[in-house]
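Chemist: Residues per chain, in single letters:
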Amino acid sequence: MYEIRIHSRGGQGGVTAAKLLALAAFRDGKYATACPFYGAERRGAPVVSFVRIDDKPIKIYSQIHEPDLVIVLDTSIMDVVDVLQGLKGDGTVLLNSAHPLAGCNGTCRHVDLTGIALAENLVIAGSPILNTPVLGALAKMGVVTLPSVEKAIREMFADERNVKAAEAAYEELKV
Amino acid sequence: MLTIATGNKAVAAAVKAAKPGVIAAYPITPQTEIVEQIAEYVTAGDLKSQYIPVESEHSAMAACIGASAGGVRTFTATSSHGLLYMHEMVHWAAGARLPIVMANVNRALGPGWNTWAEHSDAFSQRDTGWLQVFVSTVQEAYDATLMAFKIAEHEDVLLPVMVNLDGFALSHIMQSLETVEIGDFLPAYHLPHAIDTENPLVYGPMTGPADYFRFRWDIERSMRDARGVIADVEREFAERFGRSYGPTEDYRCEDADVIVIAMGTLGKEAEVAVDRLRDEGIKAGSMRLRWFRPFPDLDLARREVVVIDRDYSFGFGGVLAHAVRSKTGIAPYSVIAGLGGQEVTYNDIADFVRNRHPGEETWFGVSDHV
Amino acid sequence: MSAIPKEEYLFKCTSACAGCSSSLCLRYVLKAAGPDSVLVVPACCTSVIQGIYPGTAMNVPVYNIAFAAAAACASGLSNALAALGKETNVIVYAGDGGTVDIGIQALSGAFERGTDFLYICYDNEAYGNTGMQRSGATPLGARTTTTPGGKPTAKKDLDRIVEAHNPPYMATACSAYPLDLYKKVKKALSIPGPKFIHILAPCPPGWRYPTEKTVEMGKLAVKTGTWILYEREFGKLTINGPSKAAMKRPAPLEEYINGQGRFKNLSPEIMDEMRQQVEQNIQRLSREEAGVC
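Protein chains in written order, with this note's numbering: chain A, 1 to 175; chain B, 176 to 545; chain C, 546 to 838.
To be clear, the hints were calculated from the coordinates, so they are not data collected in a lab.
Misleading hints may appear alongside valid ones.
As the list claims (entries may be wrong) - In the SDA-like style, the derived pairs of lysine to any residue whose C-alpha atoms are separated by at most 25 Å in a straight line are:
1. C:Lys631 with C:Ile597
2. A:Lys30 with A:Ser62
3. C:Lys551 with B:Glu373
4. A:Lys56 with A:Lys151
5. B:Lys223 with B:Pro362
6. A:Lys56 with B:Gly417
7. A:Lys30 with B:Ser351
8. B:Lys502 with B:Gly421
9. A:Lys88 with B:Asp526
10. B:Lys458 with A:Pro57
What the hints assert, rightly or not - Looking from chain B toward chain A, a few residues come up when the C-beta cut is under 10 Å (computed):
11. Ser311
12. Val313
13. His347
14. Ile348
15. Met349
16. Gln350
17. Glu446
18. Ile505
19. Thr520
20. Asp523
Beta carbons are placed, not taken as given, at the ideal position from N, Cα and C, and that holds for glycine.
Chain A extracted, bound-state conformation (with noise of 0.2 Å):
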């Protein structure tokens, strides 16, 4: 089983971002739950999702508490939130960042998807969407495959900015 916490502010669409993973996998043919753990819901607080990815049925309902793989879609968070809190010693951490996280020991990737968003004027109500540009980054790093990737945004979504966003953040995110 592979298991991946995402952190992200209220309005960034970690939710989304977790729901359009889980499709993906789904898509893949995998199993994946995509569970968000709902706090007192307000926008900008920090919030967590949670999805696992497996052959075969997944069980769990619990929280992640030791994920392979950790996903910070705002870096601000690092602040006030320990991200890589019980991250397994071969666990992968991706940041919403155009730079690499600093005194980073395992393995760190990182991709602006913020850049990526405003480039495809990719917008609402004035905050760049992230959830679909980082599935492109996910496909990337083997999560899962390029082409469900596609399948799950086009699922979701109408605007095939969405696409193009998830298609450049694979371009640019170096593996």
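Given chain A's structure and the hints, the job is docking chains B and C onto it.
Modeler: Showing chains B and C alone in chain A's frame:
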């Protein structure tokens, strides 16, 4: 069709397939997605139901009662305080022998405000005459809702059915969902005592001590008959759609020395704990209780039992633990865990088994036991 | 009266008290509604009046429902009948307690949603079924078992609350004027949407007057201007015949008050306040009908 969906959306999809004539509901967290999705189906014309946006849960159930008696299939959904607010009408629906189906998204009760999973809301309606089923996956939420209509409307039952799913833990999780073409699985709604102006009857009039108890007994007789109907409907569902269910879901129980009994999502996660315990050489099994009313017969002979209650009857004990004890004569290790969404992992469940003390009770996370 | 059908839908075997005016009203309501009608009845005197299982005095279907739930139950029934393509009348027949107090939320909801039904409140100004405790509809000064010293506050103005929902039809009626009631029920049932009729229903044991004076008591309520008969169709007010005369020259309030045990030993101050309330009500409705605001 194969897709992924939340537990709430799965319930709504099953309701769409069942095509109720009237749906009356009031939104409450974490059930809202069900009523929103149904409102969307109705607005888009995908579901040709009369949708009544009532002003309270009490009115939601009252409207379902009027509609069901009026001769159409009816559905509502609620949670927590909403269920408590409609309590009077919950009794009325069963007493009036109306096959209403209700999804209840299990949630804790205030104060303080807590929107996470707990079973106290459903258990507070334990003695109303409703059938109660608890589900543990998105697929099961869909399947159980579909079957609920068929069971409720069966002429040997004619009692309402409550489909329970854990708040957030299941209502908001996304898992795979296979929706089905139901064909003639659900027959046309037929209520033998539907209101008919050609044959004017009086419903629920003053009924004195010489007669009242007969109607109560009639509910119990149907509740007993419901066991057979449930089994038949679940068998037919398995034959048609390939997924089988029973009063309990038993996992590695055959040769188990110790069995964990839980409900809802905790009951599913317990299977993971069982696998871990087996790896350690502890012969554990899991028995997830699905039907709470009518309560099934449990075969637990010569086993130790750990019961997890996501509820509590103050001054008495865990509701499920005591039900198991009274049904089987076995004194279980009673664990009170998961109240108000308290985090309980498969590791915790495995610990409950490792550290069990049959006949005793413990509150998970509490250190000042008396 | 010759226009009123001979068919009876309320048989003579009711369990009503002697001199009960609400059973009189129900008889005319059902004559007006006819056999393709369903009555929804919350806890109230009519729960008893209709007869006790296994007997019944009713010749239309009656759906009994919990105290607070009548309007909501009728909502569901009305929608179910619509779903089945039926045009059956759905009529709530509820007392004042089930309407102005515990049932007002459901009533308000059903009217706001535009439910196609007729809601009739028969108002005996107290909880009659449980032995005359005060309700929100009990008038100022009236003694009930829970206001043994007389009710210190005024009767809740149910009609203005209902009026605020802008129903297509609403009316007041009184048991002493059965033909007027019959016509109003007929008219209400010819209009789609939520309709409301508020009937004053004098109650011999509750108001403490001799049973044979039930019709007289209703007439005095109207003649003194205490109860005004009117209709509102799509908001437009029409004062009905008996009240037109009464509003011009109301009979002395004492004629109505003195015959009722519940108003025994009223203080002059309360009596004055009651007179003022009657006067204000007459003025308000007269001005509105005359188009003066």
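Chemist: Need the list of violated hint numbers for this structure, in ascending order.
Modeler: Hints 1, 18 are the ones this structure does not satisfy, whereas the remaining hints hold.
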